[in-house]
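Asks: The lines below spell out each chain.
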Amino acid sequence: MFPMNAWYVACTPDELVEGRPLGRRICGERMVFYRNAQGEVCALEDFCPHRGAPLSLGRVCQGELVCGYHGLVMGCDGRTLSMPGQRVERFAPIRRFAVQERHGFVWVWPGDADRADAAQLPDFEWSGNPEWAHGGGMYHIACDYRLMIDNLMDLTHETYVHATSIGQSEIDETPCETHREGDRVITQRHMAGIQAPPFWQMAMRMNGMDPDQPVDRWQICRFSPPSHVMIDVGVALAGRGGFHAPLEAKTAATVVDFITPEADGSIWYFWGMARRFRPGDAELTARIREGQGRIFAEDREMLERQQLNLQTWPQRRLMTLNIDAGGAHARRILDRLVAAERGEAAAAAA
Amino acid sequence: MFPMNAWYVACTPDELVEGRPLGRRICGERMVFYRNAQGEVCALEDFCPHRGAPLSLGRVCQGELVCGYHGLVMGCDGRTLSMPGQRVERFAPIRRFAVQERHGFVWVWPGDADRADAAQLPDFEWSGNPEWAHGGGMYHIACDYRLMIDNLMDLTHETYVHATSIGQSEIDETPCETHREGDRVITQRHMAGIQAPPFWQMAMRMNGMDPDQPVDRWQICRFSPPSHVMIDVGVALAGRGGFHAPLEAKTAATVVDFITPEADGSIWYFWGMARRFRPGDAELTARIREGQGRIFAEDREMLERQQLNLQTWPQRRLMTLNIDAGGAHARRILDRLVAAERGEAAAAAA
Amino acid sequence: MFPMNAWYVACTPDELVEGRPLGRRICGERMVFYRNAQGEVCALEDFCPHRGAPLSLGRVCQGELVCGYHGLVMGCDGRTLSMPGQRVERFAPIRRFAVQERHGFVWVWPGDADRADAAQLPDFEWSGNPEWAHGGGMYHIACDYRLMIDNLMDLTHETYVHATSIGQSEIDETPCETHREGDRVITQRHMAGIQAPPFWQMAMRMNGMDPDQPVDRWQICRFSPPSHVMIDVGVALAGRGGFHAPLEAKTAATVVDFITPEADGSIWYFWGMARRFRPGDAELTARIREGQGRIFAEDREMLERQQLNLQTWPQRRLMTLNIDAGGAHARRILDRLVAAERGEAAAAAA
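Residue numbers (this note's numbering), protein chains in the order written: chain A, 550 to 899; chain B, 550 to 899; chain C, 550 to 899.
Mixed in with the good hints, there may be bad ones.
Said to hold, decoys possible - Beyond 12 Å from chain A on every Cβ pair, some chain C residues (computed):
1) ALA586
2) ALA667
3) GLN669
4) ASP672
5) ASN700
6) ASP703
7) GLY731
8) MET755
9) PRO795
10) ALA831
11) TRP862
12) LEU870
13) GLU890
14) GLY892
Stated by the list, open to error - Going by beta-carbon spacing under 8 Å, a handful of chain B positions derived as facing chain C:
15) TYR688
16) THR705
17) HIS706
18) THR708
19) ARG854
20) THR861
21) GLN864
Because the hints were derived from the structure by calculation, they are not lab data. Bear in mind that the values here come from a model prediction, so they are computed numbers and not experimental data. Backbone N, C-alpha and C define an ideal beta-carbon position, used for all residues, glycine too.
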């Protein structure tokens, strides 16, 4: 129940260690990733056409993927290049997947590689921009990918799940506004004249601001299909314009979330934060990363238990309140995309 | 395959920690337990009506159960009391379960709460009686609840499973007698003029009796539905009347067993011992508890492996010997109760 | 998908500890093994006819198998001998399995015991021969037994899976020859004038040969049903006749592999080496065993991951190249044996 013809984050470049291919299941497909001799990332089915060994148990020799069982050398296009003592011209090819490397991530298109369009990759203000710094990590979570979208599109949960870091009662008390822009969904909340919660007090201090000053705080959650959620977050000195305040009066960042289904019921969750203050401060990057890691671990427990509950009561309908509007819109968009892919598949079969 | 309209032990009061709800699956139902502002134990479905989060991940604030995901406040009757920023009048209610606190346990009725009858709770001589002391523990065991009833209603297994503590060959050599009293089943064995086994020698010594004296030993297993087994056990100086001997000539106790199905194939096993000697000796209570814990761990291994075997050979019929009469009677009673519940359900549906 | 009327290795004699029966599932059958009063190994269904307890949780008293639950005493023929307080004449018998002890192993025939023929047990030159020494171990591996046969009948994998011990590129570069002799399959490869790889250099050194001399190396894999693979391996000084070289010019051994299906998708893998040099050197035996243990652990990882891959893509056909001829012949023989058993079963049922 996820679009296949879409770009998902597959891994980070540092996961592609010299000589060692990376096996990862994405959208139900077992894939192997590695860099070829040109340094380009390749993605193939993780299945040697000889006897079905996982190619990810092999190694990368001078940019070629070599099966670790009997030495078959696989080409980037899924055709066997060679195998000791064998003629390989008639070997059945394996699937290749379209891959792009951008914004500090490796992206994969699990569906039809011929339809993969690099122009559909999202753009980000923070990417490659020296005024910004970015850091993050990855969690495997046993939940449907839409539960994580719901989570990120309804931040009232911060008050309860993250009470000691970014939660505060004003989130609950401030209504949110949700609207669509084509296939994008935006949910936002602006809190005026409040005290910053612990995480933001720390950030203000690091940014040279007085953490005890009253602030205007904002959360602008931006969903785009299949499952990217960018959240503009920050605080500005009260009355200076909030999200639109001048740089010197605010501490602003973007929570960067890429949600990649492993298969039905589990995800690779790439989380992180891009910030617009002290971009060169690596220690601050590490500190934020550590704080985010703790926060998202709190979400992980909740989401995995919620998933178990929904499997126990599969028939029960959930409620969609105003705070759930962002997730609900996202689900409708995803339903339409999945239905369209199925329609195309049925038409192609007919 | 268990009665739903019956009282089962759900937990002990000390499992209900201030502020923290307790999640436990009982008879296939996921439940959450907590104390409300009046100090009464409440039991509800462990499912937030908003988005299905387990309420047991939340907290109890001033006696109200608050969902840990988005702050919904749930009432003891399964109706939502409030939620930040929401009108909750039309929120779908969740199931509540009837609960009683008695005899040092929390009891739950997994079936129709309106039919729960506190008068059906069992009574025990040892409960609240200063002449008795009670201690025990709880094990999770991966077996059908009827295998544990069989186990407790046929104590010949003590000779083999518990050879080093309470087993002795005289158990095997002494026939047992089984009879029914309505829906109760009693199996008893009286051994005359024997040497006490190690556990009972320890107990005699603690009770000021000479452990080397010949004794009359008894085991009177009392099953009552759905799955309570009280076993009168003890030793009296030989020829003094056995079970009916005067207090000063015997060391007597009741093994207290409440078996609560988690779902088909697994149980929460609440075990313990109520004794009528040295009731104020907390150290003795701890020592007995430790000994019982070791003994029931031996049963656990046997029962889990027996369960696996029966799943491997589901078609094979087991034998019912005279020693199995107690368990066989109990199964017939349970079959009848379950069939009656199904008949009612079918009649209600028609 | 394995022949049932065949001899498989069940365990080694040292696994049959005095007094303690051994439970092991073989070809889908849960079995219990023990020595009777005559010292003969017996194999029975691991299921007490009384209440289904696993007999392997019991004990062996003076050569009789006693159930650990209620003391039923089981005879070697599957008939109950006695039970405290019971008449056992009408107790349903359990299955017995034919067993033989030979070549330092316990063999079991999971099919019809009446058809078990000790004359069908294989013979080995190294067994009971003082000129040879034998050592080995056992691994549980989660793969179809035929994947292990494939592995052992195609040693080109040594170059990749065992690159640091017995692999070398000359294996890949030298064609192998495969032929059948009735239901046996032989695949062999002879490499002339090469450098010995690390394992064989060690062996040559231990055998008093100069490890830097060029050698002729051979690998002669001999499959016999149901799943025994003996591999003659070794090196001789170059030009001295290879496999047929006189003893003083070679270092020769047999890799001894017995593959016993636990059930579909997992095996007990008994591996070892019989060698014809320094048979009395127990330290060398231990050292070879340690080296083999490391090597077969490399196979284990590959085979378990291959199995997972084949389960993910059950429809996909594998390739059968010339190097796979040994495994392919073995599979055809096994298919024929299994089909014949099914035909007999269908005829018997009709």
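Asks: A separate judgement is required for each hint: does it hold in the structure or not?
Replies: Hint-by-hint comparison with the structure:
| no. | hint | result |
| --- | --- | --- |
| 1 | ALA586 | 49 Å, holds |
| 2 | ALA667 | 36 Å, holds |
| 3 | GLN669 | 31 Å, holds |
| 4 | ASP672 | 32 Å, holds |
| 5 | ASN700 | 9 Å, violated |
| 6 | ASP703 | 7 Å, violated |
| 7 | GLY731 | 26 Å, holds |
| 8 | MET755 | 30 Å, holds |
| 9 | PRO795 | 31 Å, holds |
| 10 | ALA831 | 34 Å, holds |
| 11 | TRP862 | 6 Å, violated |
| 12 | LEU870 | 6 Å, violated |
| 13 | GLU890 | 27 Å, holds |
| 14 | GLY892 | 30 Å, holds |
| 15 | TYR688 | 18 Å, violated |
| 16 | THR705 | 5 Å, holds |
| 17 | HIS706 | 5 Å, holds |
| 18 | THR708 | 6 Å, holds |
| 19 | ARG854 | 5 Å, holds |
| 20 | THR861 | 6 Å, holds |
| 21 | GLN864 | 12 Å, violated |
Violated hints for the displayed structure, listed by number in ascending order: 5, 6, 11, 12, 15, 21.
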